[in-house]
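2 protein chains.
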Amino acid sequence: MNFLEERIVKDGIVKEGNVLKVDSFLNHQMDIGLFDQMGAEFRRRFAEKEITKILTIEASGIGIACVVAQHFHVPVVFAKKSKSINIEGEMYIAEVESFTHKCKNQVIVSKKFLLPEDKVLIIDDFLANGCALQGLISIVQEAGASIEGIGIAIEKGFQPGGRTIRNLGFHLESLAIVESMDAETGTVRFAES
Amino acid sequence: MNFLEERIVKDGIVKEGNVLKVDSFLNHQMDIGLFDQMGAEFRRRFAEKEITKILTIEASGIGIACVVAQHFHVPVVFAKKSKSINIEGEMYIAEVESFTHKCKNQVIVSKKFLLPEDKVLIIDDFLANGCALQGLISIVQEAGASIEGIGIAIEKGFQPGGRTIRNLGFHLESLAIVESMDAETGTVRFAES
Numbered sequence: 366m367n368f369l370e371e372r373i374v375k376d377g378i379v380k381e382g383n384v385l386k387v388d389s390f391l392n393h394q395m396d397i398g399l400f401d402q403m404g405a406e407f408r409r410r411f412a413e414k415e416i417t418k419i420l421t422i423e424a425s426g427i428g429i430a431c432v433v434a435q436h437f438h439v440p441v442v443f444a445k446k447s448k449s450i451n452i453e454g455e456m457y458i459a460e461v462e463s464f465t466h467k468c469k470n471q472v473i474v475s476k477k478f479l480l481p482e483d484k485v486l487i488i489d490d491f492l493a494n495g496c497a498l499q500g501l502i503s504i505v506q507e508a509g510a511s512i513e514g515i516g517i518a519i520e521k522g523f524q525p526g527g528r529t530i531r532n533l534g535f536h537l538e539s540l541a542i543v544e545s546m547d548a549e550t551g552t553v554r555f556a557e558s
Numbered sequence: 366m367n368f369l370e371e372r373i374v375k376d377g378i379v380k381e382g383n384v385l386k387v388d389s390f391l392n393h394q395m396d397i398g399l400f401d402q403m404g405a406e407f408r409r410r411f412a413e414k415e416i417t418k419i420l421t422i423e424a425s426g427i428g429i430a431c432v433v434a435q436h437f438h439v440p441v442v443f444a445k446k447s448k449s450i451n452i453e454g455e456m457y458i459a460e461v462e463s464f465t466h467k468c469k470n471q472v473i474v475s476k477k478f479l480l481p482e483d484k485v486l487i488i489d490d491f492l493a494n495g496c497a498l499q500g501l502i503s504i505v506q507e508a509g510a511s512i513e514g515i516g517i518a519i520e521k522g523f524q525p526g527g528r529t530i531r532n533l534g535f536h537l538e539s540l541a542i543v544e545s546m547d548a549e550t551g552t553v554r555f556a557e558s
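So the protein sequences, as listed, match chains P and W.
Note that our numbering gives residue 471 to position 106 of the first sequence, counting from 1, and the numbers run on in steps of one.
Note that our numbering gives residue 460 to position 95 of the second sequence, counting from 1, and the numbers run on in steps of one.
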């Protein structure tokens with residue numbers, strides 16, 4: 366097990382309905398030292414890639430992306446989930462479905478901050494059905510920028526998002542791939558790395 | 366002028382209605398090197414304070430808070446703006462009004478992540494009317510934790526939030542206090558530090 370898998374075993378809580386709660390260190394309370402380790406690991410896994418920008422999505426992707434960005438020395442852009450009166454000018458917009466909130470959201474990035482010459486690393490905390498990620502991918506493609514890689518903290522390997530994204534040929538790296546969970550025993554099994 | 370004021374003059378855009386757009390470096394695209402400078406400056410301004418936790422609010426506070434936290438070596442908790450089915454158990458809830466979105470939000474923090482013994486530094490990107498900040502303050506007070514300081518990137522000094530918070534006796538440090546803006550000339554005037 367790597368450092369993130371160990372942390373999930375130690376502090377993650379398995380709930381009925383394939384819910385993995387990691388809110389004590391990942392997406393409500395955030396362990397910044399852990400995020401820094403994740404940044405070093407993503408830098409290692411994408412060592413050969415030249416990255417000019419990190420793209421993530423609000424809210425829980427932002428913290429990870431900002432700490433990871435320190436290992437790549439690039440700015441972070443976060444996609445917003447609803448139209449704000451403070452965003453104006455031209456925007457890239459994608460429709461995404463949220464598994465957690467059971468609703469559809471518009472995901473928005475200002476065109477000023479994604480240019481055709483950008484080499485983008487997409488970072489997010491969770492990958493399950495892949496809806497949010499597909500929205501981010503479509504936005505980068507609409508901008509004419511290249512997707513150099515996708516870095517995910519926790520992938521639910523038993524849901525189709527990761528397979529779909531890999532089948533599309535993207536370089537996807539998930540630090541922990543959960544193969545199965547058992548709410549009764551509270552155990553998590555990871556895919557072999 | 367300090368480093369943040371200089372950056373606002375260089376890259377901020379003044380719009381009608383006292384809107385200051387800083388989305389190229391602060392709250393849509395994020396300059397992580399700048400956030401790191403902000404972290405060092407907050408550490409200096411709160412040098413005498415023992416901090417155990419940083420509290421912020423989604424979404425644009427999260428990036429700053431996470432990079433600032435590296436200078437304090439503490440976890441970050443971000444308050445969520447709407448009820449998620451993934452938050453359960455007991456929660457602290459405050460009502461806040463959003464100036465930007467012209468609506469009321471519930472701001473929520475899980476009780477697990479704010480304890481009476483916590484010494485909290487609140488971090489956010491903007492302070493104008495102070496509604497969001499008052500919500501965070503009420504949550505910390507409900508938890509019985511102490512507020513050791515409040516660090517803001519940009520305060521709109523011509524709006525009442527900062528004065529109210531200082532009058533209440535809180536140690537509030539804003540890295541840039543905008544005294545006035547002129548949309549016609551595009552100029553920003555800062556309060557003397």
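Keep in mind that the hints were calculated from the coordinates and are not lab data.
Certain hints may be false.
For chains that are exact copies, the list does not tell them apart, and a pair is met inside one copy or across any two.
[Claimed, not checked] Dumping the calculated EDC-like pairs for lysine to aspartate or glutamate here, alpha-carbon to alpha-carbon at most 16 Å: (1) K484 / E413; (2) K469 / E482; (3) K446 / E544; (4) K477 / D376; (5) K386 / E455; (6) K484 / E507; (7) K477 / E538; (8) K375 / D401; (9) K477 / D396; (10) K477 / E549; (11) K386 / D376; (12) K477 / E513; (13) K446 / D547.
Against the structure, the hints:
Taking CA atoms no more than 16 Å apart as the test, K484 paired with E413 passes inside one copy only; the shortest distance there is 13 Å, against 42 Å between copies. Taking CA atoms no more than 16 Å apart as the test, K469 paired with E482 passes in neither setting, with 30 Å inside one copy and 40 Å between copies. Taking the shortest Cα distances, K446 and E544 never come within 16 Å of each other, neither inside one copy (29 Å) nor across copies (31 Å). Within a single copy, K477 and D376 get their C-alpha atoms only as close as 40 Å, which misses the 16 Å cut-off; across copies the closest is 13 Å, which meets it.
Proximity of K386 and E455 under a CA criterion of 16 Å is satisfied inter-copy only: 15 Å between copies versus 37 Å inside one chain copy. Proximity of K484 and E507 under a CA criterion of 16 Å is satisfied intra-copy only: 13 Å inside one chain copy versus 45 Å between copies. When the C-alpha separation of K477 and E538 is checked against a cutoff of 16 Å, the pair qualifies neither within a copy, at 28 Å, nor between copies, at 31 Å. With identical chains, the CA atoms of K375 and D401 are never at most 16 Å apart, being 19 Å at best within one copy and 30 Å at best between copies.
In this assembly of identical chains, the alpha carbons of K477 and D396 lie at most 16 Å apart only when taken from different copies (15 Å versus 32 Å within one copy). In this homomeric assembly, K477 and E549 never come within 16 Å of each other (Cα to Cα): the closest approach is 49 Å inside a single copy and 22 Å across copies. In this assembly of identical chains, K386 and D376 lie within 16 Å of each other by CA distance solely inside one copy; the values are 9 Å within and 40 Å between copies. Taking the shortest alpha-carbon separations for K477 and E513, neither the intra-copy value of 20 Å nor the inter-copy value of 38 Å comes in at or below 16 Å.
Taking the closest pair of Cα atoms, K446 and D547 never come within 16 Å of each other, the shortest separation being 32 Å inside a single copy and 30 Å across copies.
Comparing the model with each earlier hint shows violations of hints 2, 3, 7, 8, 10, 12, 13; every other hint is respected.
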